[in-house]
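Novice: Just need the whole structure built from these sequences, with the hints factored in.
Which chain is which? The protein sequence lines are P and W, in order. Following the UniProt record's numbering, the numbering of the first sequence begins with 1 at its first residue and continues without gaps. Following the UniProt record's numbering, the numbering of the second sequence begins with 1 at its first residue and continues without gaps.
No wet-lab data here; the hints were simulated from the structure. A quick note: this is a predicted structure, and the numbers were derived from the prediction, not measured. Treat the hints with caution; some may be incorrect.
If chains are identical, the list can't say which one is meant, so a pair holds when it fits in one copy or spans any two.
When the alpha-carbon atoms are kept at most 25 Å apart in a straight line, the in silico DMTMM-like pairs for lysine to aspartate or glutamate are as follows [as the list claims (entries may be wrong)]: (1) Lys320 x Glu565; (2) Lys4 x Glu565; (3) Lys272 x Glu8; (4) Lys320 x Asp492; (5) Lys320 x Glu253.
Protein chains: 2
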Amino acid sequence: MPYKAPVEEFRFLLNHVVGYGQVTETERFAEAGGEMMDAILTEAGRLASEVLGPLQRNGDLHPAVLENGVVRTSPGFAEGYKAIAEGGWIGISADPEHGGMGLPITLMESVNEMINGACLSLALNPLLTQGQIEALEHHASDELKALYLPKLISGEWQGTMNLTEPQAGTDVGALRTKAEPDGDGTYRISGQKIYISWGDADFAENVCHLVLARLPDGVPGTKGISLFMVPRNIPDENGKPGERNSLRVVSLEHKMGLHGSPTAVMEYTEAKGWLVGREHGGMAAMFTMMNNARLGVGIQGIGVAEAATQAAVAYAAERKQGKVGGAGTIIEFPDVRRMLMTMRAETQAARAIALANAVALDMANATGDAGWAARAALLTPISKAYGTDVGCEVAATGIQVHGGMGFIEETGAAQFYRDVRVTTIYEGTNGIQALDLVGRKLMDGGEAAFTLISEVEEAAEAARAQFPRLADAVWNAAEVQRDLTEAVLEMDMDARGAVAVAYLRAFARVLGAHYHLASAVAEGGNGPRTGLARFYVMRLLPQHTGLAAEVRMGSEGMDALSNEELAG
Amino acid sequence: MPYKAPVEEFRFLLNHVVGYGQVTETERFAEAGGEMMDAILTEAGRLASEVLGPLQRNGDLHPAVLENGVVRTSPGFAEGYKAIAEGGWIGISADPEHGGMGLPITLMESVNEMINGACLSLALNPLLTQGQIEALEHHASDELKALYLPKLISGEWQGTMNLTEPQAGTDVGALRTKAEPDGDGTYRISGQKIYISWGDADFAENVCHLVLARLPDGVPGTKGISLFMVPRNIPDENGKPGERNSLRVVSLEHKMGLHGSPTAVMEYTEAKGWLVGREHGGMAAMFTMMNNARLGVGIQGIGVAEAATQAAVAYAAERKQGKVGGAGTIIEFPDVRRMLMTMRAETQAARAIALANAVALDMANATGDAGWAARAALLTPISKAYGTDVGCEVAATGIQVHGGMGFIEETGAAQFYRDVRVTTIYEGTNGIQALDLVGRKLMDGGEAAFTLISEVEEAAEAARAQFPRLADAVWNAAEVQRDLTEAVLEMDMDARGAVAVAYLRAFARVLGAHYHLASAVAEGGNGPRTGLARFYVMRLLPQHTGLAAEVRMGSEGMDALSNEELAG
Numbered sequence: 001m002p003y004k005a006p007v008e009e010f011r012f013l014l015n016h017v018v019g020y021g022q023v024t025e026t027e028r029f030a031e032a033g034g035e036m037m038d039a040i041l042t043e044a045g046r047l048a049s050e051v052l053g054p055l056q057r058n059g060d061l062h063p064a065v066l067e068n069g070v071v072r073t074s075p076g077f078a079e080g081y082k083a084i085a086e087g088g089w090i091g092i093s094a095d096p097e098h099g100g101m102g103l104p105i106t107l108m109e110s111v112n113e114m115i116n117g118a119c120l121s122l123a124l125n126p127l128l129t130q131g132q133i134e135a136l137e138h139h140a141s142d143e144l145k146a147l148y149l150p151k152l153i154s155g156e157w158q159g160t161m162n163l164t165e166p167q168a169g170t171d172v173g174a175l176r177t178k179a180e181p182d183g184d185g186t187y188r189i190s191g192q193k194i195y196i197s198w199g200d201a202d203f204a205e206n207v208c209h210l211v212l213a214r215l216p217d218g219v220p221g222t223k224g225i226s227l228f229m230v231p232r233n234i235p236d237e238n239g240k241p242g243e244r245n246s247l248r249v250v251s252l253e254h255k256m257g258l259h260g261s262p263t264a265v266m267e268y269t270e271a272k273g274w275l276v277g278r279e280h281g282g283m284a285a286m287f288t289m290m291n292n293a294r295l296g297v298g299i300q301g302i303g304v305a306e307a308a309t310q311a312a313v314a315y316a317a318e319r320k321q322g323k324v325g326g327a328g329t330i331i332e333f334p335d336v337r338r339m340l341m342t343m344r345a346e347t348q349a350a351r352a353i354a355l356a357n358a359v360a361l362d363m364a365n366a367t368g369d370a371g372w373a374a375r376a377a378l379l380t381p382i383s384k385a386y387g388t389d390v391g392c393e394v395a396a397t398g399i400q401v402h403g404g405m406g407f408i409e410e411t412g413a414a415q416f417y418r419d420v421r422v423t424t425i426y427e428g429t430n431g432i433q434a435l436d437l438v439g440r441k442l443m444d445g446g447e448a449a450f451t452l453i454s455e456v457e458e459a460a461e462a463a464r465a466q467f468p469r470l471a472d473a474v475w476n477a478a479e480v481q482r483d484l485t486e487a488v489l490e491m492d493m494d495a496r497g498a499v500a501v502a503y504l505r506a507f508a509r510v511l512g513a514h515y516h517l518a519s520a521v522a523e524g525g526n527g528p529r530t531g532l533a534r535f536y537v538m539r540l541l542p543q544h545t546g547l548a549a550e551v552r553m554g555s556e557g558m559d560a561l562s563n564e565e566l567a568g
Numbered sequence: 001m002p003y004k005a006p007v008e009e010f011r012f013l014l015n016h017v018v019g020y021g022q023v024t025e026t027e028r029f030a031e032a033g034g035e036m037m038d039a040i041l042t043e044a045g046r047l048a049s050e051v052l053g054p055l056q057r058n059g060d061l062h063p064a065v066l067e068n069g070v071v072r073t074s075p076g077f078a079e080g081y082k083a084i085a086e087g088g089w090i091g092i093s094a095d096p097e098h099g100g101m102g103l104p105i106t107l108m109e110s111v112n113e114m115i116n117g118a119c120l121s122l123a124l125n126p127l128l129t130q131g132q133i134e135a136l137e138h139h140a141s142d143e144l145k146a147l148y149l150p151k152l153i154s155g156e157w158q159g160t161m162n163l164t165e166p167q168a169g170t171d172v173g174a175l176r177t178k179a180e181p182d183g184d185g186t187y188r189i190s191g192q193k194i195y196i197s198w199g200d201a202d203f204a205e206n207v208c209h210l211v212l213a214r215l216p217d218g219v220p221g222t223k224g225i226s227l228f229m230v231p232r233n234i235p236d237e238n239g240k241p242g243e244r245n246s247l248r249v250v251s252l253e254h255k256m257g258l259h260g261s262p263t264a265v266m267e268y269t270e271a272k273g274w275l276v277g278r279e280h281g282g283m284a285a286m287f288t289m290m291n292n293a294r295l296g297v298g299i300q301g302i303g304v305a306e307a308a309t310q311a312a313v314a315y316a317a318e319r320k321q322g323k324v325g326g327a328g329t330i331i332e333f334p335d336v337r338r339m340l341m342t343m344r345a346e347t348q349a350a351r352a353i354a355l356a357n358a359v360a361l362d363m364a365n366a367t368g369d370a371g372w373a374a375r376a377a378l379l380t381p382i383s384k385a386y387g388t389d390v391g392c393e394v395a396a397t398g399i400q401v402h403g404g405m406g407f408i409e410e411t412g413a414a415q416f417y418r419d420v421r422v423t424t425i426y427e428g429t430n431g432i433q434a435l436d437l438v439g440r441k442l443m444d445g446g447e448a449a450f451t452l453i454s455e456v457e458e459a460a461e462a463a464r465a466q467f468p469r470l471a472d473a474v475w476n477a478a479e480v481q482r483d484l485t486e487a488v489l490e491m492d493m494d495a496r497g498a499v500a501v502a503y504l505r506a507f508a509r510v511l512g513a514h515y516h517l518a519s520a521v522a523e524g525g526n527g528p529r530t531g532l533a534r535f536y537v538m539r540l541l542p543q544h545t546g547l548a549a550e551v552r553m554g555s556e557g558m559d560a561l562s563n564e565e566l567a568g
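Specialist: Shown next, in the form of structure tokens:
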């Protein structure tokens, strides 16, 4: 089943649902609407459908392997990467000063979703480079920017992020990698990093590693961490990749999925590095990058959800089964239709939330308005966790639609399920996202949350005449979410930790319903979007009640079992 | 993390929660309680923990392969199988007349859960033989019984089930495999069958295929199907496996998981077969076998859930992460504890439901009482679907607890997730189970359902003095389930199809809460079971509300999107 980029869906959401019009009304992004937007979506859609989609199975069937220290990539990936780079897609939102297109993040994320949906394992490569571009734009010296940004933006060079070490996952502050000043303004980096996506590639002219390490005078914990640029090949005086740096890929992980994306253990042995940002300021730089990367990972989940939905619908529309002599296909069976409707409704809800998140980022960037920045910050953990939860659940349902064939690898349904599973884990597990939401993101006393909830209620009010049942349901759920927010604000951190995931999921349900209702309003009623809105609001939104009950429990009963009793 | 069979848990549930005492009060099973029960559970637990658990990774790392027409099995599987067979576990519930132990199905399922949890891919082999034994006991001629049952019960020979064909999955009636009478009382079977688990094994002295096929005068559809015994090696006059029959393994499927279990495409070319049961009576024979197989598959899900829970708890108790200088492990983190508590609570709920189902089967078998038979029939689709849903969800949560390590195959967390995924599909997808529940199983006007709901309410009444909040919550949910049952009874089949899965899941939540409450009552309050009951009833049971809302929608809005619109 070939992937078909959902170009029309993006056009509709951007034009009518998620407020993209506000972005193109700013001076900075005045050119990014209308024909420009159409051209970007159409062209990226073509790339995804025609060039990248056909590579999806290659990555799984012919995983990247480490041979004599070099990562040999899957068949066709070099050409696919080249097509992404030559289309200018890596630098779509990068600063035009260094060759970027300077377009809104909303368009970048739309494009990225299509690339992710077509071939996630390859798409991860430019995504990491995009994160690196952003970090360098915000934190690097002008010299480093001038040297690295044009190469990264053109895709000639590739970027990675090196945070994790065996003993330091979520707890980044425990890292042991060392950096020592070399006297000439550079540093010697030594240590081992794990889970380095696309740590190397045989089609990379250069690989630029951003590495977190601790200087000799760095205090323990996150406040003593600095960020370094450590290129695989050290650029010579002409800016060409020169001498090999003292770093290597030790091994590649045997993962459950994403086999086309090499996940490396990297070793640095007094490798030459350049400081990015100020000394001991590494976490701030990483956070810049991580916030957008989190939205980006949410978008990965949504991309896979779209692809898995398309594949399941296509299978169900072809698979004959039924009464003797009947020529029915399983798409006519109510339970199969329920599964497909759920997949479609969840995918579109998650997409709308993520795009609204991107719009908030663009508005914050274009206007400097703190309210937009707070909105973006609030939505980021929701976009990441809900987008990737939806990715996993939709892929699981996709297998179910395929029946026995879903368990057989040839259909590709299993690959979606395996590939997407990591998205709820990396860039901060979904549990960490939820803790971020009930912790940092409510440190404003809930202001950003209450503002958003009020907007949801106002929109529901406005829709009431046209869609009384749906509007009531959305308004009521939003009001419950307001109560839950107040309840969470009064909890201690242990209780917040116990209810964080339920609170996040409840919030996502309210927002999903809100954007479905907005789509129905924009459609004018009675079309497919209205039908889907009704399905989501009347059949899926009621799950909010169960989540709300869980939130209200706080930490009650969480310690009822000792560790030994939990073990069984 | 080595698997540890939950022997104590079985003992507690059988002695205090699921009514096993009624079984041992019958004449037929008078010997199956007390010391006998303890010995069975202890001995099977030892086999699972010490012999089979260590084979789990072998099946994944060294899958079964087809070489020159022979299925080479994973290292150690031959010895593991021998240990299962020599322990007498295959014939634990088989008729003593042919060498079985004649013990209750409740004990068989308890033993099977431990074997499944230890190594699912190997466990599938004796499970299929058990299904075949049951089918032969009920439907075969005395001659066939005398020849095959002793060999199957001893494990010298193995059994398979051959239903599915490429065009005939759920719709078994569409099968094309032919049987022609040979004049000498035997038949010539020709056709291709797919998804044949353990279609062959290099350690099998003989493989006995039960094959559904159509006789020349068989009408189209299920009513023209007959069942045949088609052995790989035709027994000679001494009952030894003789001449090769005309059948072969064409290929093995490339599956997402269960790699240790060879899933064969089988081809029969005028293979010699013997009729089992009457001509055109194949479906009735298959149904006998399938009902218990469905419970057995639910038990597979629960076995994997137990194993995944143990592995996650062990990992969380060892994995250090936390504040600088802290030596905390992640099991102390509220969100991790929430995940582990959920895994434990769901696993035990599903186990109690499945064992109550087995008790009902034993009571029906021992007493011939129609009420027990109806109870068993009602619970079967719930045990199967909830047990396997829990298997998948718990395995997914297990990955999440492991964080990045969960996506790396070495931990084994990913294997649970991949292996268990097929259980929601085979032996009738969980959608089919739900349709069975809202269709056939409510054809009594809901009598069996209402009777069970009333028992749940009575138990809640009785528990109210001791556990007022929990009892209220259970009673209320049961009352809603009664309303839902009445609502479903008034729906047409399209609407029932649309709400079937939600109705089944809602029912499972009520029953899970019921058995947790019963465990708390049996414990006397304030112990770990009471804590777990509180967790389940107060934090998970509220999901019932969302499911109930979905059921009440009937088929409303299901056809809002055309097939093209669903495709995106």
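Novice: All the hints need checking, so say for each whether the structure fits it.
Specialist: Results of checking the hints against the structure:
no. : hint            : verdict
1   : Lys320 x Glu565 : between (49 Å within a copy, 20 Å between copies)
2   : Lys4 x Glu565   : between (50 Å within a copy, 13 Å between copies)
3   : Lys272 x Glu8   : neither (47 Å within a copy, 58 Å between copies)
4   : Lys320 x Asp492 : between (55 Å within a copy, 23 Å between copies)
5   : Lys320 x Glu253 : between (40 Å within a copy, 21 Å between copies)
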